[in-house]
Amino acid sequence: MKISDTVVGAGFVAAGALIIAGTLNYPSLDGGAPGPSLFPRILGALMAAFGGLVGAKGLRNRDTTEDVEWLLLHKNTAFINAMFVLGGVAAYILLVERVGFLLVGALLLFVIMWRLKVPTLKAAVVAVVFTGIVHFLFAKIMRVPLPLGILWW
Amino acid sequence: MIDHIWAALVMLASWKLMLTITICSVYGLFVGAVPGLTATMAAALLVPFTFFMDPLPALVAIVTMEAMAIFAGDIPAALVRIPGTPSSAAYTDDSYELTKQGKAELVLGVDVVTSAIGGLMGAVVLMTSAPLLAEVALTFTSFEYFWLAALGLSATVMIASTDPLKAGLALLVGLFFSTVGLDITLGYPRFTFGSIELLNGVDFIPAMIGLFGVSEILRNMGSSHLQYPITSVKAESIFKGVAKTLWKYKTNMVRSGAIGTFIGILPGAGADIAAWIAYAASKRFSKEPELYGKGAIEPIVDAGTANNACLAGDWVPALVFGIPGDSITAIVIGVLFMKGLRPGPMIFEQQPELVYAVYFSFIIANILMVPFGYLAIKVSGTMLKVPRNILMPAILMFCIVGSFAINNSFFDVGLMLAMGILGYFFENNGIPVAPIVLGMVLGPIVEQNFMVSMIKSDWDLFQFFTRPTAAILAGLTILTWLAPFIPTILRRFRSAAA
Chain A
30 MKISDTVVGA
40 GFVAAGALII
50 AGTLNYPSLD
60 GGAPGPSLFP
70 RILGALMAAF
80 GGLVGAKGLR
90 NRDTTEDVEW
100 LLLHKNTAFI
110 NAMFVLGGVA
120 AYILLVERVG
130 FLLVGALLLF
140 VIMWRLKVPT
150 LKAAVVAVVF
160 TGIVHFLFAK
170 IMRVPLPLGI
180 LWW
Chain B
34 MIDHIWAALV
44 MLASWKLMLT
54 ITICSVYGLF
64 VGAVPGLTAT
74 MAAALLVPFT
84 FFMDPLPALV
94 AIVTMEAMAI
104 FAGDIPAALV
114 RIPGTPSSAA
124 YTDDSYELTK
134 QGKAELVLGV
144 DVVTSAIGGL
154 MGAVVLMTSA
164 PLLAEVALTF
174 TSFEYFWLAA
184 LGLSATVMIA
194 STDPLKAGLA
204 LLVGLFFSTV
214 GLDITLGYPR
224 FTFGSIELLN
234 GVDFIPAMIG
244 LFGVSEILRN
254 MGSSHLQYPI
264 TSVKAESIFK
274 GVAKTLWKYK
284 TNMVRSGAIG
294 TFIGILPGAG
304 ADIAAWIAYA
314 ASKRFSKEPE
324 LYGKGAIEPI
334 VDAGTANNAC
344 LAGDWVPALV
354 FGIPGDSITA
364 IVIGVLFMKG
374 LRPGPMIFEQ
384 QPELVYAVYF
394 SFIIANILMV
404 PFGYLAIKVS
414 GTMLKVPRNI
424 LMPAILMFCI
434 VGSFAINNSF
444 FDVGLMLAMG
454 ILGYFFENNG
464 IPVAPIVLGM
474 VLGPIVEQNF
484 MVSMIKSDWD
494 LFQFFTRPTA
504 AILAGLTILT
514 WLAPFIPTIL
524 RRFRSAAA
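Residue numbers (this note's numbering), protein chains in the order written: chain A, 30 to 182; chain B, 34 to 531.
These are calculated hints, taken from the structure and not from any lab test.
The beta carbon of each residue, even a glycine, is placed where N, CA and C say it ideally should be.
Be aware that a few hints might be false.
Simulated crosslink set (EDC-like; lysine to aspartate or glutamate; CA at most 20 Å straight-line) [what the hints assert, rightly or not]:
{"#": "1", "chain 1": "A", "residue 1": "Lys-31", "chain 2": "B", "residue 2": "Glu-460"}
{"#": "2", "chain 1": "B", "residue 1": "Lys-133", "chain 2": "B", "residue 2": "Glu-323"}
{"#": "3", "chain 1": "B", "residue 1": "Lys-489", "chain 2": "A", "residue 2": "Asp-59"}
{"#": "4", "chain 1": "B", "residue 1": "Lys-136", "chain 2": "B", "residue 2": "Glu-269"}
{"#": "5", "chain 1": "A", "residue 1": "Lys-86", "chain 2": "B", "residue 2": "Asp-196"}
{"#": "6", "chain 1": "B", "residue 1": "Lys-327", "chain 2": "B", "residue 2": "Asp-493"}
{"#": "7", "chain 1": "A", "residue 1": "Lys-86", "chain 2": "B", "residue 2": "Glu-269"}
Some chain B residues close to chain A (C-beta under 8 Å, calculated; not the full set) [said to hold, decoys possible]:
{"#": "8", "residue": "Leu-42"}
{"#": "9", "residue": "Ala-46"}
{"#": "10", "residue": "Phe-209"}
{"#": "11", "residue": "Thr-218"}
{"#": "12", "residue": "Tyr-221"}
{"#": "13", "residue": "Met-254"}
{"#": "14", "residue": "Ile-433"}
{"#": "15", "residue": "Leu-450"}
{"#": "16", "residue": "Glu-480"}
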């Protein structure tokens, strides 16, 4: 998913401006010397400047095929697969404490593998076995408190 | 002294310690080789176990684990273009490009041998001249630290390849992330948006897992067949051609061993920074700098030596002065306190055999690295036979659990996800992600030393150039920025003269 350098550059100019704006209410040191705001402001200014240069470069070498890519995103398998991964991790974060690592982890693995065209039975077996291994390594050996959820061990 | 050395050797000769070394070697290799798990995380997870150990096995466990993990981080870097630890990030692209060219065995062979050699070089420096070198580092003031960090930042931009502008943007993003949390001058919360988790800043490890792990997974979602190119790694062939390669770059190894050890001795700078600086130095001195990032073996020799040499260096200020050389030695200091030992000059007088045993454990770990590394490569090679549509979700699972394991926090998993999206977006738009990580590591060092220097010099910028070492480091930093323009300037002078 590539977007034009002009847009990227403009985004960084905006981000730099936002960083500076975010520091406007920061306190100063005794005697009025800049304190917590100094370093972020320098970074914000540099980010805006670098972003401006990237944007200007993008304007000179404009590639119109990037605009078409955006229109075809809904047909882009890679993009849809990536959305499955992102959505899956987001769902994991929301559900894991209540339902537990073993169930949510296995479900996450199964859904992503199924989406990536792993045969259903194979995906189910791998998801369950692999989640069990990860649970054993982290929860049992490394003592990481993975959520138990509705399971008791 | 001989008595102390003998006592240390006797302590190390126990079967319990050998068992500890073996288990921690396997643990380190596993953690390092699995993308998303870092040596720092492994060290932190070791702490509860060390609680039940005597001081020596506790320290030896950490030494062995970190040496193995830093090497093992090279394995996924070469095989799947995901550095196992941040220390392998500098040369990941070169390693992976060489693997794509069918030279995976050579890369992995060079990785394991340079790691062992680098580790031994660092150990020798630690043993022989540690106090002296530590004194040199301790003469540094905030001015020198500022310039040293600035030099690291400059090198990051200049080695980040084809587009310094975009590399600079990535670095600025990393530096911005480093400003999140309580500031160092007034303790004022910056860019926390009311989040308690962000008060301590953006955690480096979930960010790294997201930037390098999740973004790689997302990028792989586009592959039609969803399998890695078939690259069978013949572990028995990994040492073929290594001696010739290392002989060719023997000077590089000496230089990078010195760089790595020196960076290690500097408080706060760890193996990842050593690798980046060695990479930058390598590129500067190379006869073929244009090949860097496209599959050159030379930077792998350099950075692979430096990151392992750095580990022993990191222990110098930790043991001698109680100042951590990196995040792992910060944990080591915590372990020493837990055992009722106060790191500092007195430990050399009160527990000399312990100090010598730590020295020797570095040597043992680095010698064992070759056979253990060979076995790790032999096992990890099978990873490529796992179909990508199974491997990627599996790596995602390690990324999720690895991020969670740092602070047992789901916020960190969310942070990992956000960083993954950022890394995916950046890479797709030609913006390198590695400088973000460097910005995050060096940001606090730059800001803290800049602010301290400004305040103590009463806001006189000239003071940054008055101390000799600071002036040299400043000159090197400026030279790094000017380096790409120097050939052009020289050409113009020559054509004008002609």
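### Message
Against the 20 Å threshold, does the CA-CA distance of Lys-31(A) and Glu-460(B) hold or violate the hint?
### Response
holds (9 Å)
### Task
Below or equal to 20 Å on CA atoms is what counts here, so check Lys-489(B) against Asp-59(A).
holds (13 Å)
### Task
For the pair we were handed, Lys-136(B) and Glu-269(B), check the Cα-Cα distance against 20 Å.
OK: Lys-136(B) and Glu-269(B) at ~14 Å, within 20 Å.
### Task
Hold the hint about Met-254(B) up to the distance rule: shortest CB distance to chain A must be less than 8 Å.
Nearest chain A Cβ about 4 Å off; hint holds.
### Query
Any CB of chain A closer than 8 Å to the CB of Phe-209(B)?
holds (5 Å)
### Query
Hey, does the Glu-480(B) contact hint survive, CB to chain A under 8 Å?
holds (5 Å)
### Task
With chain A as the partner, please determine if Ile-433(B) meets the hint condition of a C-beta pair closer than 8 Å.
holds (6 Å)
### Query
Is the hint on Tyr-221(B) kept, meaning its closest Cβ partner in chain A is under 8 Å away?
Where the cut-off is 8 Å and the nearest Cβ of chain A is about 4 Å from Tyr-221(B), the hint holds.
### Restraint check for Lys-133(B) with Glu-323(B), where alpha carbons must lie at most 20 Å apart
Cα-Cα ~18 Å, so holds.
### Task
Under 8 Å, Cβ to Cβ, is where Ala-46(B) needs to be relative to chain A, so tell me if that hint holds or is violated.
violated (27 Å)
### Supplied contact hint for Leu-450(B), tested at 8 Å Cβ to chain A
holds (5 Å)
### Message
Can you verify the interface hint for Leu-42(B): is its Cβ closer than 8 Å to any Cβ in chain A?
### Response
violated (31 Å)
In summary, the structure is inconsistent with hints 6, 7, 8 and 9 from the numbered list given earlier, while agreeing with the others.
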